[in-house]
Amino acid sequence: AQSVTQLDSHVSVSEGTPVLLRCNYSSSYSPSLFWYVQHPNKGLQLLLKYTSAATLVKGINGFEAEFKKSETSFHLTKPSAHMSDAAEYFCVKGSSNTGKLIFGQGTTLQVKP
Amino acid sequence: DAGVIQSPRHEVTEMGQEVTLRCKPISGHDYLFWYRQTMMRGLELLIYFNNNVPIDDSGMPEDRFSAKMPNASFSTLKIQPSEPRDSAVYFCASSLTWAGRNQPQHFGDGTRLSIL
Numbered sequence: 001a002q003s004v005t006q007l008d009s010h011v012s013v014s015e016g017t018p019v020l021l022r023c024n025y026s027s028s029y030s031p032s033l034f035w036y037v038q039h040p041n042k043g044l045q046l047l048l049k050y051t052s053a054a055t056l057v058k059g060i061n062g063f064e065a066e067f068k069k070s071e072t073s074f075h076l077t078k079p080s081a082h083m084s085d086a087a088e089y090f091c092v093k094g095s096s097n098t099g100k101l102i103f104g105q106g107t108t109l110q111v112k113p
Numbered sequence: 001d002a003g004v005i006q007s008p009r010h011e012v013t014e015m016g017q018e019v020t021l022r023c024k025p026i027s028g029h030d031y032l033f034w035y036r037q038t039m040m041r042g043l044e045l046l047i048y049f050n051n052n053v054p055i056d057d058s059g060m061p062e063d064r065f066s067a068k069m070p071n072a073s074f075s076t077l078k079i080q081p082s083e084p085r086d087s088a089v090y091f092c093a094s095s096l097t098w099a100g101r102n103q104p105q106h107f108g109d110g111t112r113l114s115i116l
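Protein chains in written order, with the numbering used here: chain X, 1 to 113; chain G, 1 to 116.
Hints may contain errors.
Here are the simulated DMTMM-like cross-link-like pairs (lysine to aspartate or glutamate), alpha carbons at most 25 Å apart as the crow flies [as the list claims (entries may be wrong)]:
(1) 49(X) <-> 44(G)
(2) 49(X) <-> 30(G)
(3) 58(X) <-> 71(X)
No wet-lab data here; the hints were simulated from the structure.
Work out the full structure: start from the sequences and follow the hints.
Put into structure tokens, the structure is as follows:
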């Protein structure tokens with residue numbers, strides 16, 4: 001079965017320090033991968049998507065993700081955390097044979113002043 | 001461009017009442033999804049439509065739940081009768097095509113449902 005694993009349920013960083021949120025996915029020939037962010041009382045907002053055009057994907061608000069096929073990973077990074085980055089982050093894979101999304105369990109990012 | 005629009009944003013009602021949640025997808029999107037989010041179970045896909053036709057309703061918890069999509073610009077999720085365990089945030093999402101083709105789903109802001 002297809003799956004997505006987010007390796008940390010909770011990450012805490014200080015404002016201005018780098019952010020790393022880790023994600024591994026079940027192998028597919030050409031996976032569709034996304035990162036979404038959910039702020040409190042809001043819907044999920046697309047941060048970025050992997051399109052196979054480049055292994056380093058740039059998203060909104062300074063976030064990036066690197067696709068590593070050999071490691072089946074799609075980790076999300078940001079050089080410098082901002083207080084407004086505090087939210088829940090979901091790594092998501094598009095099912096290769098249905099219209100469904102396969103969600104990771106989510107990582108709560110806490111940013112300390 | 002307008003995103004996915006859900007109404008109402010909040011709904012509080014008593015057990016046993018009928019609840020109707022509404023969704024307007026992004027114009028031109030062929031897929032529409034209904035999700036439920038709770039602390040205990042996270043995000044669960046309830047049902048999805050393609051070109052107004054229900055494709056997979058295996059996530060609908062029981063017969064009290066029903067969903068319709070009478071046209072390309074409107075969908076409803078109905079719970080009748082409602083129970084306290086139905087309390088959750090319900091999200092609607094739409095996409096241009098299926099997620100396996102690198103097409104993201106776009107989510108509404110959700111309906112926070114509380115059944116007393």
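The hints, checked one at a time:
no.	hint	in the structure
1	49(X) <-> 44(G)	holds (21 Å)
2	49(X) <-> 30(G)	holds (19 Å)
3	58(X) <-> 71(X)	holds (20 Å)
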